[in-house]
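Residue-level listing of the chains:
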Amino acid sequence: MTLISEQQLPSIVKRLAHQILETYPGLTNAVIIGLQPRGVYLSDRIVAALHNELPADQVQYGKLDITFYRDDVRRDLHLAKATDLPFSIEGKTVILIDDVLFTGRTIRAALDALLSFGRPSKVSLCVLVDRKPSRELPIQPDFTGKEMLDLTPYKVKVRWKENDGVDDVILLVD
Amino acid sequence: MALTTKHLLGIKDLQTEDIQLILSTATQFKEVLQRPVKKVPTLRDVTIVNLFYENSTRTRISFELAEKRLSADVVNFTVSNSSAAKGETLLDTVNNILSMKVDMVVMRHSASGAPHYLAKHIDAAIINAGDGINEHPTQALLDAFSMQEKLGKIAGLKVAIIGDIMHSRVALSNIYLLKKMGAEVMVSGPPTLIPTFLKEAMDIQIEYNIDKALAWCDVANVLRIQLERQNQPLFSSLREYNLAYGITMNRLNKLNKEILIMHPGPINRGVEMDSDVANSPHSIILDQVENGVAVRMACLYLLTGRTNPA
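Sequence order for the protein chains is A and B. Sequential numbering of the first sequence, starting at 1, is according to my numbering. Sequential numbering of the second sequence, starting at 1, is according to my numbering.
These are computed hints drawn from the structure, not numbers from a lab.
Heads up, simulated BS3-like pairs for lysine-lysine below, C-alpha to C-alpha not over 30 Å straight-line:
1) B:30 with A:81
2) B:150 with A:81
3) B:254 with B:153
4) A:81 with A:92
5) B:180 with A:81
6) B:39 with B:150
7) B:39 with A:92
8) A:122 with B:39
9) B:38 with A:81
10) A:92 with B:38
11) B:153 with B:199
12) B:179 with B:153
13) A:146 with A:157
14) B:179 with B:199
15) B:179 with B:257
16) A:122 with B:38
17) B:153 with A:81
18) B:199 with B:158
19) A:81 with B:6
20) A:81 with B:12
21) B:120 with B:101
22) B:30 with A:92
23) A:122 with B:30
24) B:39 with A:81
25) B:68 with A:81
26) B:101 with B:6
27) B:179 with A:81
Just a sample of chain A residues kept apart from chain B, beta carbon distances all over 12 Å, derived:
28) 1
29) 18
30) 29
31) 53
32) 59
33) 93
34) 133
35) 137
36) 146
37) 150
38) 157
Here the structure is a predicted model, which means the values were calculated and not measured. Backbone N, C-alpha and C fix where the C-beta goes; we use that ideal spot for every residue, glycine too.
Bound conformation, chain A alone (with noise of 0.2 Å):
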């Protein structure tokens, strides 16, 4: 089951990009952070819309993987992919983006794993799916593509055309 299609996933992400500007215009100060494996795809894609917007050199754009800093590291082996941060994020806004929020635990590795960069004046969340119903910690997102009722026992799968060779949002039934 299709919960975005094809044409509606850019004018999602392009509303994202301008509702990160709204809140933080010429993104003074802000740092944009894409987590890695998954949440880089969306990333990648809100930066080029903010490419339109703004000169490059004002979007501070970097990569974080928070493979070490997971809670379940003894249940299931990860692979960590590369980070990327080549700018200081002491004292900045950080902004970060991954694709689907759900138990809300990768968004706390991931505020850990920022701390060991620093110490930000302030961090928001941008996702593209909110599975709300499905959280297990306090953590809401600031911009969210779209907001799920409860889709429990599904996977929420977002498919990018580089990866998947589509862009869409489905529903997986296990």
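Once you've looked at the hints, dock chain B against the given chain A.
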């Protein structure tokens, strides 16, 4: 994807994919070590004992730092101030330590095969930090990581391992690893320090002329003369060894190319390698030490990730 082995006893037992997995994970840990906060909480529920039955500076510190950067609890054991000196057997010592709930054992021992023996009798994951003249797998992994970092690849490289091949666990682990990863390997040094069966057993070249070996290779991994393991004279004097086989600036200047100089340490300056070579831009000896921590973090992470599969 996970390692195909529960223990890290030797490169001999690893698959090529295991080696690639360790090296790529080490790349991520190297980035962690550049951060303002170099510590990650990954192994905060893991206790590791470092069991060193033989002297070590680099390897012990490197393992301990790797464990602490991963937030593991660390217990150090050195034989000189332990009950092993009172006659306790290896297995008794380890079982006593494990009954205090230890998850992993990092072990160095002067007897070849000691960690393999232990692996048959205990459940905890074991990392071999050097056993006698057999293997020193994490050294070979960090050597490979350093070569790959500097030269961009391992497959196709020509690597000469020079010096005391016979008594070197570093040599054997390196040969296993380089062959599995598709490099060409040559060993060089005095005939009395090179077992000739290596040529056939490991499919490598042997070259007794050091200048020819240097002219052939892209990387020279120079080993220490292990006097403590030699119970008979195998060459006339250290001075003569230096003249015939030592890596000198003079020898390097004669080559019409740049080669990478490596050494696992500790260096006997003026014997297998002159000081000016060790300090020259050719040398990546301190990069090797730096990379050692990241590579050992990768090994610990990948091995402990399997201790309690869901």
